[in-house]
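Same order as they appear, the protein sequences are chains A and B. No gaps in the numbering here: position 118 of the first sequence is 118 in my numbering, and each next residue is one more. No gaps in the numbering here: position 14 of the second sequence is 1014 in my numbering, and each next residue is one more.
FYI, nobody ran anything at the bench for these hints, they're computed from the structure. Hints are not guaranteed to be accurate.
[Stated by the list, open to error] Derived lysine-lysine pairs resembling BS3-like cross-links, with alpha carbons at most 30 Å apart:
no., chain 1, residue 1, chain 2, residue 2
1, B, K1029, B, K1128
2, A, K14, B, K1007
3, A, K14, B, K1089
4, B, K1067, B, K1056
5, A, K45, B, K1029
6, B, K1089, B, K1004
7, B, K1121, B, K1068
8, B, K1027, B, K1004
9, A, K14, B, K1068
10, B, K1087, B, K1011
11, A, K14, B, K1011
12, B, K1171, A, K14
13, B, K1067, B, K1089
14, B, K1007, B, K1029
15, B, K1162, A, K14
16, B, K1162, B, K1027
17, B, K1007, A, K105
18, B, K1011, B, K1027
19, B, K1011, A, K45
20, B, K1087, A, K14
21, B, K1027, A, K105
22, B, K1177, A, K105
23, B, K1128, A, K105
24, B, K1068, A, K45
25, A, K105, B, K1121
26, B, K1027, B, K1007
27, A, K14, B, K1128
As a plain string of letters, each chain reads:
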Amino acid sequence: MMQKGFRYIIRLAKETPSVSPPDDFTVRVMAQLPELKPERSIIGKDCAFCFLAAACFYFITGIVFIAGVRKISTVTVLPHWIMVQPQIAFITGSGFILLGISLLKNSRFALRTARIGLVIYIGFVLINGITAHKAFGAVLPGAAGIFCFTGSGIMTGGFLALMLRRYREQLVNSGAPFIKAEN
Amino acid sequence: MDQKQEKTIIKRVQAGDRDAYACLVDKYKGPVFNLAYRMTGSFQEAEDLAQETFLKAYAAITRFDAKKRFFPWLYTISLNLIRNHLKRKRKVSSEILQDNITGDDTGNPENTVVRHQESEKLSRCLEKLPADLREAVILRYYQELSFGDVAETLEISLSAAKMRVYRGLEKLRSFMKDK
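Start from the sequences, fold in the hints, and give me the full structure.
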């Protein structure tokens, strides 16, 4: 049905002569095989470990924040957004734990969830950084702290995104009918 | 080489028999090379990409599930490499090396010339297509895969594969009219 209107193009395409690779193609491919090094494969476990490490980072940061907020709040009144940073760090850490555990399953759903979770995380890190900066003002120690925290959050996100990308590529290469190709 | 023999060869390669891989290269070098050639329009680039495809496939073959069919897996690797290459290159070369064309030229010489001219025109139009539509059309009509195999290779649904092919043909038709 669909082909009726395109019969001429289809016929031309089918009649187009094929091209042949050089005669020594196979020999050349085979000659290069010994030079290959075995690939270091990234599996779900590796990704899960990185996500759990990121969770640890946020839990430790949360504990540091609790101590810091308590100490500073005795001297001065802190903006609400700064006061809730420990909770935000713990929630982020919990999110990473969930994503890390799901990645252990090596499933299509887990990889997709981790990718979506990571996009939300990076977006949130940026929003949090901007909001905290606005709440805290341009006071130097505070601004520098927010900058470092936001920067480390983005770097963490970037590193995890890279891991997920390599993991996905390896799954595609392993023949698993995994995820839609990105064009 | 039938499916059963192919699976045996793949298992041998996976077990460490490197020489057995030559049988797989021999069997698929033509289709993989043609796919790369139609996508890039350049003989040299097609050769490099086809070689890279086989090297990459060899490096990953231990993780290939031997219960599955080999060629959609190989094509997927090839297409990923081609896509990355086109992204890097952006501009596709329009070089056509007639010397390497090995089609059947028997029959009426006039018809053959017209057919070659039309085929060339189609090839030029094909190069104007967006990469996702181009690969769908090439797989379906140049490589003569079924829609199911096109969908499997591109890792999209059957309806999405049909839609891509249809959109590709539609664009090709309008490019052909413009020329």
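Notebook entry, point to check: Which hint numbers doesn't this structure obey?
Noted result: Structure breaks hints 5, 6, 7, 10, 11, 13, 21, 22, 23, 25.
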